[in-house]
Structure formats: structure tokens, C-alpha cells
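Trainee: The lines below spell out each chain.
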Amino acid sequence: MLEKIFTAKVKGYLVSNVVGITIIGITKYWMDQNGQPIIIFSEFVIIPLLMGMISAWFWQDLQLPSRKLLLYSAYNCFLAILLSYIFLGEGIICLIIVSPLIFCFVIAGAFIGRNLYKRNNDTLNVSVVLALAFVFIGDAFWGNHQYENEVSDTVIVHATPDKIWKNVVSFKRIEQKNAFWLFKIGMPSPIESTVEGNYVGAGRKCIFSNGYVFDERIATYAPGKDLTFDIVNQPKDPEIMNHIDIIRGQFTLKDNGDGTTTLIGNSWYKLYVFPVWYYDIWAQSITRNVHLRVMQHIKELSENN
Amino acid sequence: MFDFVVRHLGFLKSVPLLPQVFEAFLIMWSFIFKPEVLDCIDTIHDEVLSWDGIKECRHKYGGMQFDCYGKEIGHIHGNGILDILFSKKIKEQLLAEGKIKDHHIFANTGWISFYITKKEDAAYAIKLLGLSWSKINKSTIK
Chain A
1 MLEKIFTAKV
11 KGYLVSNVVG
21 ITIIGITKYW
31 MDQNGQPIII
41 FSEFVIIPLL
51 MGMISAWFWQ
61 DLQLPSRKLL
71 LYSAYNCFLA
81 ILLSYIFLGE
91 GIICLIIVSP
101 LIFCFVIAGA
111 FIGRNLYKRN
121 NDTLNVSVVL
131 ALAFVFIGDA
141 FWGNHQYENE
151 VSDTVIVHAT
161 PDKIWKNVVS
171 FKRIEQKNAF
181 WLFKIGMPSP
191 IESTVEGNYV
201 GAGRKCIFSN
211 GYVFDERIAT
221 YAPGKDLTFD
231 IVNQPKDPEI
241 MNHIDIIRGQ
251 FTLKDNGDGT
261 TTLIGNSWYK
271 LYVFPVWYYD
281 IWAQSITRNV
291 HLRVMQHIKE
301 LSENN
Chain B
306 MFDFVVRHLG
316 FLKSVPLLPQ
326 VFEAFLIMWS
336 FIFKPEVLDC
346 IDTIHDEVLS
356 WDGIKECRHK
366 YGGMQFDCYG
376 KEIGHIHGNG
386 ILDILFSKKI
396 KEQLLAEGKI
406 KDHHIFANTG
416 WISFYITKKE
426 DAAYAIKLLG
436 LSWSKINKST
446 IK
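So the protein sequences, as listed, match chains A and B.
Per this note's numbering, the first sequence starts with residue 1, numbered consecutively.
Per this note's numbering, the second sequence starts with residue 306, numbered consecutively.
Chain A extracted, bound-state conformation (with noise of 0.2 Å):
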């Protein structure tokens, strides 16, 4: 009875996804800064190819060719996204994100392993298994996990310093429709700011499409030319937490003297998420397009003033 349930293609799924799961789990309680987990490298690159190289072994006597073994892959990466999702309650827009990393690593696993188990195959060594390891470990271990980086972004806007200002202290509910397609699909967009005083110290809220807020400190107020403030406190919504910090945010402009401004949007973050060459990416991308809704906005609300 259990030999009929637990056939080479359930074990193939099943083990892989134990194991992955397992490895992960333990790694995220495990690598942490000062109380903040990290996610290493590894855990994306490596363990994805460890569970294709798992499910590939207990897939070898059923002979796949290639377009069923990828397709046998590919429901293999939905179920460890699946998993992800249910046993380590990751957030569903950052399931989206990381499964590109997902797919092309166990796919690729799956393959290799299929290579290396090729009976008349005896050259498969013990080294890629040691090379997995020591790749992990060096990473976990040695590995560089500190990363922060500066989104800047630029808007000309039609109006003068004074006119705009008010607006870039705080502004109105954000009525226009979101253009990009991580917001359309449900992350959270920013739709108001609102502020204490105006003043250095004063608190300012970003609030955003699902009732998060940002809580702010002012930390730098030059009417009409520069508003600096901390991130105080972000929300714990699983799409971000343990995964970025937003450091700091700031707004300058600049009169170019002949009616119009240039509004500068920076932002700085901090990344818990590697490899930082991919995350990294999204990460800007997310930022910019944070920026620009705002901008957009401020610009919107200046010139039509």
C-alpha cells in the first residue's frame, strides 16, 4: 500500500522538499546580526541544487527524458514554494521574487544530478558533494552579509521651490492607479504622508496601500531645499521584514531658475536577502518605483496648485 503511494517520483518530491525545508529552516534561526536573521547566498543557490541533485537520485531508474524530467522539476519548485510559503511564512510577493532563483537552481540540480548518476558514469566523485559543503559553510561562515545601498531618483517638476515644498512634507491620499506591476499584483503602494510639525525631531508617517506605516523622524528640515528623515519603525509585514530595513529617506530640490524644480528622491536601505546581485535588483527596483509614485504625485499636486 505505501509502496503505491510512496512511488520514486513522490519520494523525489517529498525528500527533496524535506530536506530543503529542514536545512532552510534551521539556517534562518541560525544566521542572525545582532537578533536580525539574515538569508544567506546559500540558500538560494545552493540547497535548490542540492534538492534537484535529490529528487534527480530517486528519479534515475524511471529513465526521464529531458523535457519530462524539467517539467518533474518545475512541480517541484511550486511545491517547495508552496512550502515556503505554509512552513516558513514567507510573504507571497517575495515567493514571486525569489522564484526565478528557485526554478533555474533545482532544474539545473535535477540535471546535474541526472549526469552524475549515470551507471556507466564512474567519475562522480565525492568532490561536488564536498564542494556543495564547503560553499555552504564558507558562506554561513565567512561570507560577507553586510550590504546597504542609495536609490536616487530625479522629476522635474513645473513650479517653484516654495510651491512644491508643502507638498514634499506631506501630502494627500494618492488617488492615481498603480502602473507597476508588483503593486498591481498586490504589494503594498504609498498612498499619504502625514507630519507632527515642521520642525527637526517632528514624526511623519508614510502610510501605505494595506494600512502599513512608516514611522518617521524629520531629521533634516531646510524649507525648500531639503527634508531628511530616519525610519523609525517599519511595519512587520513578512513581504518585507527580515528581508530589508529602509534606513533613511530624503527629498532636495533644487531651483533650476527658470520656474522649474528638480525634486530628488534618495532612499537607503539595508539587505538581508543575498546573493545581493540578484535581491539587489529588485530591491532598486521596488525602491524606484516607491519614489516615483510619490514624486509623480507631489509633482501632480505642485503644478496643479
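Treat the hints as calculated values from the structure; they're not laboratory data.
Every residue, glycine too, gets a C-beta built ideally from N, C-alpha and C.
Careful: at least some of the hints might be erroneous.
Subject to a maximum C-alpha distance of 30 Å in a straight line, what follows is the list of computed DSBU-like cross-link-like pairs (lysine-lysine) [stated by the list, open to error]:
1) Lys118/A <-> Lys360/B
2) Lys360/B <-> Lys68/A
3) Lys393/B <-> Lys4/A
4) Lys68/A <-> Lys365/B
5) Lys172/A <-> Lys299/A
6) Lys270/A <-> Lys184/A
7) Lys318/B <-> Lys339/B
8) Lys318/B <-> Lys118/A
9) Lys339/B <-> Lys68/A
10) Lys254/A <-> Lys177/A
11) Lys68/A <-> Lys394/B
12) Lys339/B <-> Lys9/A
13) Lys68/A <-> Lys440/B
14) Lys360/B <-> Lys9/A
15) Lys118/A <-> Lys376/B
16) Lys68/A <-> Lys432/B
17) Lys172/A <-> Lys236/A
18) Lys118/A <-> Lys423/B
19) Lys396/B <-> Lys423/B
20) Lys118/A <-> Lys365/B
21) Lys443/B <-> Lys118/A
22) Lys393/B <-> Lys118/A
23) Lys424/B <-> Lys9/A
24) Lys118/A <-> Lys394/B
25) Lys406/B <-> Lys424/B
26) Lys440/B <-> Lys11/A
27) Lys68/A <-> Lys423/B
28) Lys393/B <-> Lys432/B
29) Lys360/B <-> Lys432/B
30) Lys394/B <-> Lys360/B
31) Lys360/B <-> Lys172/A
32) Lys393/B <-> Lys360/B
What the simulated footprint calls covered on chain B by chain A, stretch by stretch (three residues with Cβ under 8 Å from a Cβ of chain A suffice, anywhere in the stretch; the number is not a length) [said to hold, decoys possible]:
33) 325 to 338
34) 401 to 415
Knowing the structure of chain A, use the given hints to seat chain B on it.
Mentor: Only chain B this time, still in chain A's reference frame:
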């Protein structure tokens, strides 16, 4: 892209697992842009392994290599490029048939490249590998 990696990043082939990762990405590329190439490779693989003395092993860049009594008869990369070493005389004859090209890297040698792009190419690829196999098999038996 493939040629760039082989030409300029070829020194990385000795890093454990990297050639296999590269090959896996070539296979994924084929799956997305020309999936029939994967079927061709499977057909070629099954046919060639049924011949006497043939053993499959990994090519140094991660591809599928066929050896006959320890001598290579040819190898296929995941993007459908079949590479075989012939004598220059045979290469000239094959070039005249118009289906093969100079090797994608070693143009001035006996190496040839055959680009598998459609289902029908499997038969010609098998013919080329068969030619190489018969020569090596014959010389080995002698």
C-alpha cells in the same frame, strides 16, 4: 553567449560543478527557445548508447560525451551543438555536404560542429557520430 563563455571563461571548467551548472542552463535555454532540441538529444543519446563499446561520460564543459573504448567519438552541448573530431580529409567531404560547419572554437582543425535545431537533425547527427564511431571502433579492434 556560448562561444563567449567557452572562449573567455573556459578556465573555470576545473571548478567542481560549474561546468554542470553551465550545461544545465544551456538545457533550460533550449527548453524555453527550442524544446525540440532536447528531444533530439534524447534520441541521439538512446541510439548511440546502443552501439558496441560506447560509454557516456561528462564533457569538460559539462556536455554529454560519447567514448568508444576510452576514445571520444563526439560530444553534444545542451544547446544542441554536436562536436566531432574527424581527419581534415573527411571534414572537407562533410563540409561539401553543406550541413556541418567549422568547429565553433577550433576552426582550423579536424573538429566540426553540427547545429541541431529541428527534429530531422537527429538522424544526421547519428550518422556523423556513427561515422566517427566506426573509425574508432575499427582502429581499436585492429
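Trainee: What's the verdict on Lys440/B and Lys11/A, does the C-alpha distance respect the 30 Å limit or exceed it?
Mentor: 44 Å, violated
Trainee: Under the criterion that the straight-line Cα-Cα distance not exceed 30 Å, is the pair Lys360/B, Lys68/A satisfied?
Mentor: 23 Å, holds
Trainee: Given the hinted pair Lys254/A and Lys177/A, is their Cα-Cα distance within 30 Å?
Mentor: 28 Å, holds
Trainee: Check whether the Cα positions of Lys393/B and Lys4/A lie no farther apart than 30 Å.
Mentor: 56 Å, violated
Trainee: With the threshold set at 30 Å, check whether the alpha-carbon distance from Lys68/A to Lys432/B stays at or below it.
Mentor: 26 Å, holds
Trainee: For the pair supplied as a hint, Lys118/A and Lys423/B, confirm whether the alpha-carbon distance does not exceed 30 Å.
Mentor: 26 Å, holds
Trainee: Would you check the hint for Lys118/A and Lys360/B, treating anything up to 30 Å between C-alpha atoms as holding?
Mentor: Status holds; Cα separation ~10 Å.
Trainee: Need the status of pair Lys393/B, Lys360/B: alpha-carbon distance at most 30 Å?
Mentor: 25 Å, holds
Trainee: Lys396/B and Lys423/B were given as a pair; does the straight-line alpha-carbon distance stay at or below 30 Å?
Mentor: Given pair Lys396/B, Lys423/B holds - Cα atoms ~22 Å apart, limit 30 Å.
Trainee: Can you confirm whether chain A covers the region 401 to 415 of chain B, using C-beta to C-beta distances below 8 Å and requiring at least three such residues?
Mentor: Since three or more residues must qualify, the claim that chain A covers the region 401 to 415 of chain B is violated, with 0 doing so at under 8 Å.
Trainee: Take the C-alpha atoms of Lys118/A and Lys394/B, compute the straight-line distance between them, and say whether it is at most 30 Å.
Mentor: 35 Å, violated
Trainee: Within a Cα-Cα threshold of 30 Å, do Lys118/A and Lys365/B meet the stated pairing?
Mentor: Given that 30 Å is the threshold and the Cα spacing comes to 16 Å, the pair holds.
In terms of the numbered hints stated before, the structure departs from hints 3, 11, 13, 22, 24, 26, 31, 34, listed from lowest to highest.
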